[in-house]
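Work out the full structure: start from the sequences and follow the hints.
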Amino acid sequence: MVLLHVKRGDESQFLLQAPGSTELEELTVQVARVYNGRLKVQRLCSEMEELAEHGIFLPPNMQGLTDDQIEELKLKDEWGEKCVPSGGAVFKKDDIGRRNGQAPNEKMKQVLKKTMEEAKAIISKKQVEAGVCVTMEMVKDALDQLRGAVMIVYPMGLPPYDPIRMEFENKEDLSGTQAGLNVIKESEAQLWWAAKELRRTKKLSDYVGKNEKTKIIAKIQQRGQGAPAREPIISSEEQKQLMLYYHRRQEELKRLEENDDDACLNSPWADNTALKRHFHGVKDIKWRPR
0 MVLLHVKRGD
10 ESQFLLQAPG
20 STELEELTVQ
30 VARVYNGRLK
40 VQRLCSEMEE
50 LAEHGIFLPP
60 NMQGLTDDQI
70 EELKLKDEWG
80 EKCVPSGGAV
90 FKKDDIGRRN
100 GQAPNEKMKQ
110 VLKKTMEEAK
120 AIISKKQVEA
130 GVCVTMEMVK
140 DALDQLRGAV
150 MIVYPMGLPP
160 YDPIRMEFEN
170 KEDLSGTQAG
180 LNVIKESEAQ
190 LWWAAKELRR
200 TKKLSDYVGK
210 NEKTKIIAKI
220 QQRGQGAPAR
230 EPIISSEEQK
240 QLMLYYHRRQ
250 EELKRLEEND
260 DDACLNSPWA
270 DNTALKRHFH
280 GVKDIKWRPR
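When you line the sequence shown up against numbering that gives the first Met the number 0, it's residues 0 to 289, in that order.
Errors might be hidden in some of the hints.
What the hints assert, rightly or not - The list that follows gives simulated cross-link-like pairs (lysine-lysine, DSS-like), each with its CA atoms no further than 30 angstroms apart: (1) Lys91 x Lys170; (2) Lys125 x Lys81; (3) Lys170 x Lys113; (4) Lys119 x Lys75; (5) Lys253 x Lys275; (6) Lys119 x Lys39; (7) Lys113 x Lys39; (8) Lys113 x Lys92; (9) Lys91 x Lys39; (10) Lys6 x Lys201; (11) Lys92 x Lys106; (12) Lys81 x Lys92; (13) Lys201 x Lys184; (14) Lys124 x Lys81; (15) Lys81 x Lys91; (16) Lys125 x Lys39; (17) Lys124 x Lys239; (18) Lys92 x Lys119; (19) Lys108 x Lys119; (20) Lys184 x Lys195; (21) Lys212 x Lys124; (22) Lys119 x Lys106; (23) Lys209 x Lys195; (24) Lys6 x Lys39; (25) Lys239 x Lys209; (26) Lys170 x Lys75; (27) Lys125 x Lys112; (28) Lys124 x Lys253.
Since the hints were derived computationally from the structure, they do not count as laboratory data.
Right, here's the structure in full:
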């Protein structure tokens, strides 16, 4: 199995294994799905943090309005009356005005937070350092855990306009957002390795050879963005160690230059009268009073 270290730009994303005989059409789609799936988990965790703190989303026509404005316009949050968290709600006003402030109690909040931590660990970039490959099944498992936690806290479900529910139903609208720019469409995804585009019409072995123990750094890119930057010859950690070595070497050379070449003449072994004074018995005579 060829090991792919997938990056976006200079940032590590995840590890993935594939046989050398894999069609690059299939592999590119697989990498794009895992990449986009990880982004979905991250977006869900971000929204669930707000859910745990401030409750469900307000209707779009009530978001950003003050209590007086809502009362004056006679607006009503019908879903807020239905979607009450298990164990009762604790009021915690959302200063941004996106959520209704009916937050879950501490016990239910911990259910959400613990599940989020577990889901983040599954798709974490630290898996690269640990040598763990991330598969689509692992991403789906993280999504299922998040969905289960929301169902425990909100057994009646979430409003249809809540971004968490829209993410679970794959109806999210990311247009005009930074999150939307990060997503790469499967049909427009490209894989690059060694400054070469891995063309979808070929197989992985056409580029990396027949050795199944090969490890490559593949960069995922949106079609039309051009070739990604090449990998540096040495890593940032190796560069730091190299700079530290040269700094120490320069300091050492500087100290040697500052040392007086005649300093060694003050040493006892350099005294040419030491033997004479030894036989005359005048060694180590001090003239100062005791």
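Hint check:
no. : hint            : verdict
1   : Lys91 x Lys170  : holds, 28 angstroms
2   : Lys125 x Lys81  : violated, 40 angstroms
3   : Lys170 x Lys113 : holds, 26 angstroms
4   : Lys119 x Lys75  : violated, 36 angstroms
5   : Lys253 x Lys275 : violated, 38 angstroms
6   : Lys119 x Lys39  : holds, 11 angstroms
7   : Lys113 x Lys39  : holds, 18 angstroms
8   : Lys113 x Lys92  : holds, 23 angstroms
9   : Lys91 x Lys39   : holds, 26 angstroms
10  : Lys6 x Lys201   : holds, 21 angstroms
11  : Lys92 x Lys106  : holds, 19 angstroms
12  : Lys81 x Lys92   : holds, 19 angstroms
13  : Lys201 x Lys184 : holds, 20 angstroms
14  : Lys124 x Lys81  : violated, 38 angstroms
15  : Lys81 x Lys91   : holds, 18 angstroms
16  : Lys125 x Lys39  : holds, 18 angstroms
17  : Lys124 x Lys239 : holds, 22 angstroms
18  : Lys92 x Lys119  : holds, 27 angstroms
19  : Lys108 x Lys119 : holds, 17 angstroms
20  : Lys184 x Lys195 : holds, 20 angstroms
21  : Lys212 x Lys124 : holds, 22 angstroms
22  : Lys119 x Lys106 : holds, 20 angstroms
23  : Lys209 x Lys195 : holds, 18 angstroms
24  : Lys6 x Lys39    : holds, 17 angstroms
25  : Lys239 x Lys209 : violated, 36 angstroms
26  : Lys170 x Lys75  : holds, 25 angstroms
27  : Lys125 x Lys112 : holds, 19 angstroms
28  : Lys124 x Lys253 : violated, 43 angstroms
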